[in-house]
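Asks: Read off the chains here:
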Amino acid sequence: MKYVIIGNSAAGVGCIEGIRQVDREGEITVISNEPYHTYSRPLISYLLYGKTDEQKMKYRPDDFYEKNNVNFIYGNVTKIDSTAKTVEYETSILVYDKLLVATGSRAFVPPFAGLDGVAERYTFMSLNDAKALEQAISQDKRVLIVGAGLIGLKCAEGIAARVKSVTVADLADRILPSILDEQGAGIVQRHIESKGIKFKLSANITRFEGNTAILDGGDAIDFDILVLAVGVRPNTALLGGIADIDKGIIVNEKSETSAENIYAAGDCTQTIDASSGKSKIMALLPNAYMQGEIAGLNMAGFTSTLKPRFIPMNAIGFFGLHIITAGGCQLTIDNGQLTINKSDNYRRFFVDNGVLRGYILIGNVEKAGIYTSLIREQIPLVHIDFELLKEKPGLMAFSREDRAKKLTI
Amino acid sequence: MKRVYVNEQWCLGCRLCEYYCAFAGIGGADMARTLKGVKINPRICVEENNGISFAVSCRHCEEPLCVKSCITGALTVNSDGGVIVVDKSRCVGCYTCILSCPYGAVSPSDDGVIQKCELCVKTVSGVPACVQGCPNNAIVFEERCVAL
Ligand SMILES: Cc1cc2nc3c(=O)[nH]c(=O)nc-3n(C[C@H](O)[C@H](O)[C@H](O)COP(=O)(O)OP(=O)(O)OC[C@H]3O[C@@H](n4cnc5c(N)ncnc54)[C@H](O)[C@@H]3O)c2cc1C
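Taken in order, these protein sequences are the chains called A and B.
Per numbering that gives the first Met the number 0, residue 0 is the first one in the first sequence, and the count goes up by one each step.
Per numbering that gives the first Met the number 0, residue 0 is the first one in the second sequence, and the count goes up by one each step.
Please note that the accuracy of each hint is not assured.
[To be verified] Calculated cross-link-like contacts (lysine-lysine; reagent style BS3-like; alpha-carbon spacing at most 25 Å):
| hint | chain 1 | residue 1 | chain 2 | residue 2 |
| --- | --- | --- | --- | --- |
| 1 | B | K87 | A | K404 |
| 2 | B | K87 | A | K55 |
| 3 | B | K38 | B | K1 |
| 4 | A | K163 | A | K246 |
| 5 | B | K87 | A | K50 |
| 6 | B | K87 | A | K66 |
| 7 | A | K391 | B | K38 |
| 8 | A | K194 | A | K163 |
| 9 | B | K87 | A | K57 |
| 10 | A | K50 | A | K163 |
| 11 | A | K50 | A | K140 |
[Unchecked claim] Restraint-style ranges between C-beta atoms, simulated for each label pair:
| hint | chain 1 | residue 1 | chain 2 | residue 2 | range |
| --- | --- | --- | --- | --- | --- |
| 12 | A | R308 | B | D79 | 29 to 37 Å |
| 13 | A | Q182 | B | S88 | 50 to 58 Å |
| 14 | A | K405 | B | A31 | 30 to 38 Å |
| 15 | A | G319 | B | S88 | 16 to 24 Å |
| 16 | B | S88 | A | G230 | 29 to 37 Å |
| 17 | A | Y73 | B | S78 | 46 to 54 Å |
| 18 | B | I39 | A | S398 | 23 to 31 Å |
| 19 | B | V76 | A | A83 | 55 to 63 Å |
| 20 | B | S78 | A | T205 | 52 to 60 Å |
| 21 | B | D79 | A | K163 | 47 to 55 Å |
[Unchecked claim] From chain A, some residues computed to sit far from chain B (all C-beta separations above 12 Å):
| hint | residue |
| --- | --- |
| 22 | V69 |
| 23 | S177 |
| 24 | G195 |
These are computed hints drawn from the structure, not numbers from a lab.
Ideal Cβ positions, reconstructed from N, Cα and C, are used throughout, including at glycine.
Bound conformation, chain A alone (with noise of 0.2 Å):
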């Protein structure tokens, strides 16, 4: 069996770990336009924070594809051919009997004006964009990041210290509008802050001249640098013609695309959100690598009656505050009981028809992993004490019953 994976990163090493536990023998290439040993995404932010090096980094370790017998290439494939079932890359091509895109996902630049004219701009989504902005930041010089998501907002952590000022601009009225609310978004935006970050939302950037970026309304933003991280998109295009694509490659519960022999993995996909029932992309490591894994382990001919279970979920912390969210939090039913105090401790929980759908935490996210499985199991909260549960998260809230599955077994 010939396995042919296009992608190094989360899904890439889930579907090399999902083939081995089943098949040791097939062979198994992976390909990919990024020139490193698997590392771990997130981390270049850590990078330039100083929490982490390029050895620390590495998503496996350094004898991974020799231990797993795993050919690696490093070269950019430019087409797929299902009927011949080969894979092509600059003057080779790999054939293959199983494909698996794992291309994951590129930064969105939208079509300001004057771009062009700015020099120092950059995204942040990859080692070699960290390295390129680490070449480029000095305590002289004046940051300003584009997008107030968990990018943009990663990367003013990272490099906050090692430059004159960040400021953070962003359309949304709030930082990090896809997982929090109002509240929760304001107070992580008063923490950023009093780290020195600045923020201008609701700023409609219309142009940039030079270094200078003009807002709606005739304000200006002068800077030395320029990050972009307004948003991501998923690489489809090689299956473009050949499977369905939504916004993302559509997958189902095996990780198959609609084309024969191909699967899909990762931030390149849409699959169904179990908190919700639609279908989208959550673009997450942790999905990424269960998805590769589901992926891998069909691929290689094990056939699992287990239905994996995606949802939305996020932890994150920004200069010490601490931040778990899962499930959507733009539902309209909102159970929420707030509890901030001093310490910045602010729960929300969003029931809806008998189930949580979502919650937000920010501050003390002990144990919020019972939450996310209520969320994932879409278990019915007339069989636990989800009162107690908002309060204080625990196995205490489930019957004996049902706890002594948990412990007991």
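We have chain A; now place chain B with the ligand onto it with these hints.
Replies: Chain B with the ligand only, in chain A's frame:
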């Protein structure tokens, strides 16, 4: 694989397991002296409410969500036995494991990363310190059939 299992009906809520766990993490000759006045942060945690109590620590799951979700690769399943271990030098304290663990068995450590039970079986008796210290067999270290 041998794991720590809970006999809820036997738990006195004395929290000695927590102390033994903390002591195993710190080390020293005498537990009472070592832990006197110390705010402990054990990897096993007793839950208590309305006269019910029980201790929760890592289940060392066969399908560990924490390991699969770990964004750095710091959490791994030990190749010689299925124990889930953390390489603290590679952990950055993002807490994705805390987000993922359905038992609430991973917690922040005092040194800014995470901690969890790593089954300290290299004790004299070959039994984890918490189990050894439990006065009432409310936690036991056993091999049980995994019901599939
Ligand atoms: C700064 C930052 C912080 C983040 N923080 C978090 C976080 O805290 N928690 C979290 O869960 N997620 C986080 N993420 C998201 C996380 O990194 C992704 O969800 C995860 O990396 C997805 O893995 P993947 O394998 O699907 O794709 P990717 O990691 O994007 O990897 C895809 C690989 O495929 C390669 N490739 C693409 N096209 C081709 C081609 N044609 N030929 C050859 N190779 C190709 C790419 O170069 C890349 O190496 C963060 C992302 C960034 C950028």
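Asks: A separate judgement is required for each hint: does it hold in the structure or not?
Replies: Hint check:
Taken as a hint, the K87 of chain B and K404 of chain A pair is broken in the structure, with Cα atoms around 31 Å apart against an allowance of 25 Å. Proximity of K87 of chain B to K55 of chain A is assessed by CA-CA distance (about 11 Å); at most 25 Å being required, the pair is judged to hold. Simply put, K38 of chain B and K1 of chain B have alpha-carbon atoms about 30 Å apart, too far for the 25 Å limit, and the pair is violated. Among the hinted pairs, K163 of chain A with K246 of chain A is inconsistent with the structure: their alpha-carbon atoms are about 39 Å apart, more than 25 Å.
About 12 Å separates the Cα atoms of K87 of chain B and K50 of chain A, which keeps this hinted pair within 25 Å; it holds. A distance of roughly 23 Å separates the Cα atoms of K87 of chain B and K66 of chain A; the hinted pair therefore holds under the 25 Å criterion. For the hint linking K391 of chain A to K38 of chain B, the alpha-carbon distance of about 20 Å falls within 25 Å, and the restraint holds. A C-alpha spacing of about 13 Å is found between K194 of chain A and K163 of chain A, which places the hinted pair at or below 25 Å, so the restraint holds.
A hinted pair counts as satisfied when its Cα atoms are at most 25 Å apart, and K87 of chain B with K57 of chain A qualifies at roughly 14 Å. For the proposed pair K50 of chain A and K163 of chain A, the alpha carbon gap of about 20 Å is at most 25 Å, so the pair holds. Proposed proximity of K50 of chain A and K140 of chain A is supported: the alpha carbons are some 22 Å apart, at most 25 Å. For the pair R308 of chain A and D79 of chain B, the supplied restraint of 29 to 37 Å holds, since their beta-carbon distance comes to about 31 Å.
Evaluation of the 50 to 58 Å hint for Q182 of chain A and S88 of chain B yields a failure: the beta carbon distance comes to about 37 Å. For the pair K405 of chain A and A31 of chain B, the supplied restraint of 30 to 38 Å holds, since their beta-carbon distance comes to about 33 Å. For G319 of chain A paired with S88 of chain B, a C-beta distance near 20 Å keeps the hint of 16 to 24 Å intact. At about 33 Å, the CB distance of S88 of chain B to G230 of chain A agrees with the hint of 29 to 37 Å.
Take Y73 of chain A and S78 of chain B: their Cβ atoms lie about 28 Å apart, and the range 46 to 54 Å is violated. The hinted window of 23 to 31 Å between I39 of chain B and S398 of chain A holds, with their beta carbons roughly 30 Å apart. For V76 of chain B paired with A83 of chain A, a C-beta distance near 39 Å fails the hint of 55 to 63 Å. For the hinted restraint 52 to 60 Å between S78 of chain B and T205 of chain A, the CB-CB distance of approximately 57 Å keeps it satisfied.
Between D79 of chain B and K163 of chain A the beta carbons are some 51 Å apart, a value that agrees with the proposed interval 47 to 55 Å. For V69 of chain A, the non-interface assignment is confirmed: its Cβ lies about 16 Å from the closest Cβ of chain B, beyond the 12 Å cut-off. Against the 12 Å criterion, S177 of chain A stays outside the reach of chain B, whose nearest CB is about 16 Å from its own CB. Distance check on G195 of chain A: its Cβ is at least 21 Å (rounded) from any Cβ of chain B, clearing the 12 Å threshold; non-interface status holds.
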